[in-house]
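A.B. asks: Given next are the chains, with one letter for each unit.
Protein chains: 2
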Amino acid sequence: MSLMLQEITEQPVVLERTIQAEKEKIRKLGNYLRSKDIRLIILVARGSSDNAALFGRYLLEITTFIPVSLSAPSVFTLYNASLKLDNALVIGVSQSGEGTDINTVLEKSKAAGAFTIGITNEPDSSMTKIVDETLLIHAGREKSVAATKTYTGQMLQFYMLSSVLSDVKIEYEQIPSFCAESLQLRSTVEEIVARYAFMENCVVVGRGLNYGNAYELALKLMETCYVVAERFSSADFFHGPLAIIERRFPVIMFAPSGVTKKSNIDLLRRLRELKADSLSITNDEEIASLSSRYIAMSKEIDEFLSPIPFIIPAQLFAALLAETKGLNADSPRSLSKITKTL
Amino acid sequence: MSLMLQEITEQPVVLERTIQAEKEKIRKLGNYLRSKDIRLIILVARGSSDNAALFGRYLLEITTFIPVSLSAPSVFTLYNASLKLDNALVIGVSQSGEGTDINTVLEKSKAAGAFTIGITNEPDSSMTKIVDETLLIHAGREKSVAATKTYTGQMLQFYMLSSVLSDVKIEYEQIPSFCAESLQLRSTVEEIVARYAFMENCVVVGRGLNYGNAYELALKLMETCYVVAERFSSADFFHGPLAIIERRFPVIMFAPSGVTKKSNIDLLRRLRELKADSLSITNDEEIASLSSRYIAMSKEIDEFLSPIPFIIPAQLFAALLAETKGLNADSPRSLSKITKTL
Numbered sequence: 002m003s004l005m006l007q008e009i010t011e012q013p014v015v016l017e018r019t020i021q022a023e024k025e026k027i028r029k030l031g032n033y034l035r036s037k038d039i040r041l042i043i044l045v046a047r048g049s050s051d052n053a054a055l056f057g058r059y060l061l062e063i064t065t066f067i068p069v070s071l072s073a074p075s076v077f078t079l080y081n082a083s084l085k086l087d088n089a090l091v092i093g094v095s096q097s098g099e100g101t102d103i104n105t106v107l108e109k110s111k112a113a114g115a116f117t118i119g120i121t122n123e124p125d126s127s128m129t130k131i132v133d134e135t136l137l138i139h140a141g142r143e144k145s146v147a148a149t150k151t152y153t154g155q156m157l158q159f160y161m162l163s164s165v166l167s168d169v170k171i172e173y174e175q176i177p178s179f180c181a182e183s184l185q186l187r188s189t190v191e192e193i194v195a196r197y198a199f200m201e202n203c204v205v206v207g208r209g210l211n212y213g214n215a216y217e218l219a220l221k222l223m224e225t226c227y228v229v230a231e232r233f234s235s236a237d238f239f240h241g242p243l244a245i246i247e248r249r250f251p252v253i254m255f256a257p258s259g260v261t262k263k264s265n266i267d268l269l270r271r272l273r274e275l276k277a278d279s280l281s282i283t284n285d286e287e288i289a290s291l292s293s294r295y296i297a298m299s300k301e302i303d304e305f306l307s308p309i310p311f312i313i314p315a316q317l318f319a320a321l322l323a324e325t326k327g328l329n330a331d332s333p334r335s336l337s338k339i340t341k342t343l
Numbered sequence: 002m003s004l005m006l007q008e009i010t011e012q013p014v015v016l017e018r019t020i021q022a023e024k025e026k027i028r029k030l031g032n033y034l035r036s037k038d039i040r041l042i043i044l045v046a047r048g049s050s051d052n053a054a055l056f057g058r059y060l061l062e063i064t065t066f067i068p069v070s071l072s073a074p075s076v077f078t079l080y081n082a083s084l085k086l087d088n089a090l091v092i093g094v095s096q097s098g099e100g101t102d103i104n105t106v107l108e109k110s111k112a113a114g115a116f117t118i119g120i121t122n123e124p125d126s127s128m129t130k131i132v133d134e135t136l137l138i139h140a141g142r143e144k145s146v147a148a149t150k151t152y153t154g155q156m157l158q159f160y161m162l163s164s165v166l167s168d169v170k171i172e173y174e175q176i177p178s179f180c181a182e183s184l185q186l187r188s189t190v191e192e193i194v195a196r197y198a199f200m201e202n203c204v205v206v207g208r209g210l211n212y213g214n215a216y217e218l219a220l221k222l223m224e225t226c227y228v229v230a231e232r233f234s235s236a237d238f239f240h241g242p243l244a245i246i247e248r249r250f251p252v253i254m255f256a257p258s259g260v261t262k263k264s265n266i267d268l269l270r271r272l273r274e275l276k277a278d279s280l281s282i283t284n285d286e287e288i289a290s291l292s293s294r295y296i297a298m299s300k301e302i303d304e305f306l307s308p309i310p311f312i313i314p315a316q317l318f319a320a321l322l323a324e325t326k327g328l329n330a331d332s333p334r335s336l337s338k339i340t341k342t343l
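Respectively, the protein sequence lines represent chains S and Y. Per my numbering, residue 2 is the first one in the first sequence, and the count goes up by one each step. Per my numbering, residue 2 is the first one in the second sequence, and the count goes up by one each step.
It is worth saying that the hints were derived from the structure and are not from the lab. Since this is a predicted model, take the numbers as computed values, not measurements. Incorrect hints may appear among the rest.
For chains that are exact copies, the list does not tell them apart, and a pair is met inside one copy or across any two.
[Unchecked claim] Computed list of lysine-lysine pairs in BS3-like fashion (alpha-carbon distance at most 25 Å, straight line): (1) Lys111 with Lys262; (2) Lys85 with Lys37; (3) Lys111 with Lys326; (4) Lys85 with Lys170; (5) Lys111 with Lys85.
Please put together the full structure from these sequences, using the hints given.
C.D. replies: Structural data, given as structure tokens:
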């Protein structure tokens, strides 16, 4: 079994451990931040962590109503701009806590008066020494180059933080058991993967809270399977990318019941007209019936809590597809675990 | 000649006309906005306009030091969140002014207390009736489905707006003549295109102010040539995407002299080790010498003013590649000019 597969299966335990270890600290942090007048949240990350941040952006805006910006690190590192950050909360997200540009943004933001938080898996990393508060993912060392348990751990931290910054009751305690259920899908995913053994290109689609998941699955497919995976919002898809579908690229879609259903249905109908192949990760019967193939998720999962349990079959898909293709998911060509961009 | 090629050649005239027609209005708008306490700028757009907004995001942050967020329209349209937008400036960007979700975000932002601006080519569009102020691109009707002159017109508006919101002296009056020079590259681009006649995939790279251009060229290649074009920042490239380069995808790079040079050089060196094909649009000799092919831009163009003149050879590349491939750039399959997402 690859390290990647092993780490995928650890996720329910990691998530539960993180909830227990961090809950009280985050409650206090929430009280403190609510006493301040936070008017802007800036998230800064790269790679898989940036995909978790893309999820966090939607979640924080939807629950706290505070506008969120995904930072462009080069504004700080290359252009040396000193942004006006009074009343800003700046959150760095990095598995290793050693991303040089992420840490530079955190340092400069703190100097500019922002409150800074680091979400990381490494308690002794450089990031933890910079930020005002660290939110730790208790995943144990992540050995696979392809991030899985730290990605969902980062997403969980965004749920926990949103719950203390907003008046929304977020039942994130349900997530670990939804994830345990998701892991039961392994044999189903294994069967489906066989069909995609020779896939070289695909398109991954998601919207709203599942948009970050589309980026994350695409990145996993590029890293571990060398599949060229385009990623789009189902909304942007009609602005150009649809043209390439006629080249018979399969479309993989995160499509829970709920607010994003209508646009996913519209896209699936269009894909049927174009006779394109579609694979949905869904708990909605209408979506399933319109898809060429589907992975059936539990109907108990509300769209609001879907992103973490829904990424798990996608992680399994990437890890098992790598195996089917005769590749080693743990040692992608050309990549290293820590990337120090500046 | 395709409509697309014709509209590409109109750009120096369109840009000059837009400067003359809008300059005085924008000066007054700047005075007004500087008297208010703008603490956040939100840009909202889709498709090519979103690529112009991605450029605008860097430009506005670098010059005004006001944090900028690229809006996620579904936060407003699907999740019905009421963001806290006092002291926010919200700018919608749409060629047609008829993007339903863009207009919904503008309406809701205005209701929430934000000052709203619309950047559009259509003076009688729905957008102009919603916003507090319209910045018009004087491009004449854009007939080609692939946006070119409205894309650069939108970018120009961001320069004009930045110049009145910041203390930076921006010499945007130079841009139309730089663009006229860029158009002289047509025969050079025509020769280079021959080599890419059978290209089916590629990667487009840009960073900082030219990051939006990477997205824009990729979109043009998808829309008009059915080339599957990945787009990345040269910084993100080392976080995974590098793995797919080993499949011998050519890399097209926006690489002006200046602050982004070092990271582009690092990437070009790595591409040489991997024996990957690279095509640079550059005015830097070292970059040119490290690239398999290059399109030589004027050395007079500073990185800060490079994005508009540098996109022109890229637009020519897409339009001429479509011709070489025997495709009609003006009528991409499956696409329509106005996309009304909700």
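A.B. asks: Compare the structure with each hint and give your call.
C.D. replies: Hints, one by one, checked against the model:
1. Lys111 with Lys262: The answer is neither: 40 Å in one copy and 28 Å across copies each exceed 25 Å.
2. Lys85 with Lys37: both (17 Å within a copy, 15 Å between copies)
3. Lys111 with Lys326: Classified as neither; 46 Å inside a copy, 52 Å across copies.
4. Lys85 with Lys170: between (32 Å within a copy, 20 Å between copies)
5. Lys111 with Lys85: The answer is both: 11 Å in one copy and 23 Å across copies each meet 25 Å.
Checked against the numbered hints given earlier, the structure breaks hints 1, 3 and satisfies all the rest.
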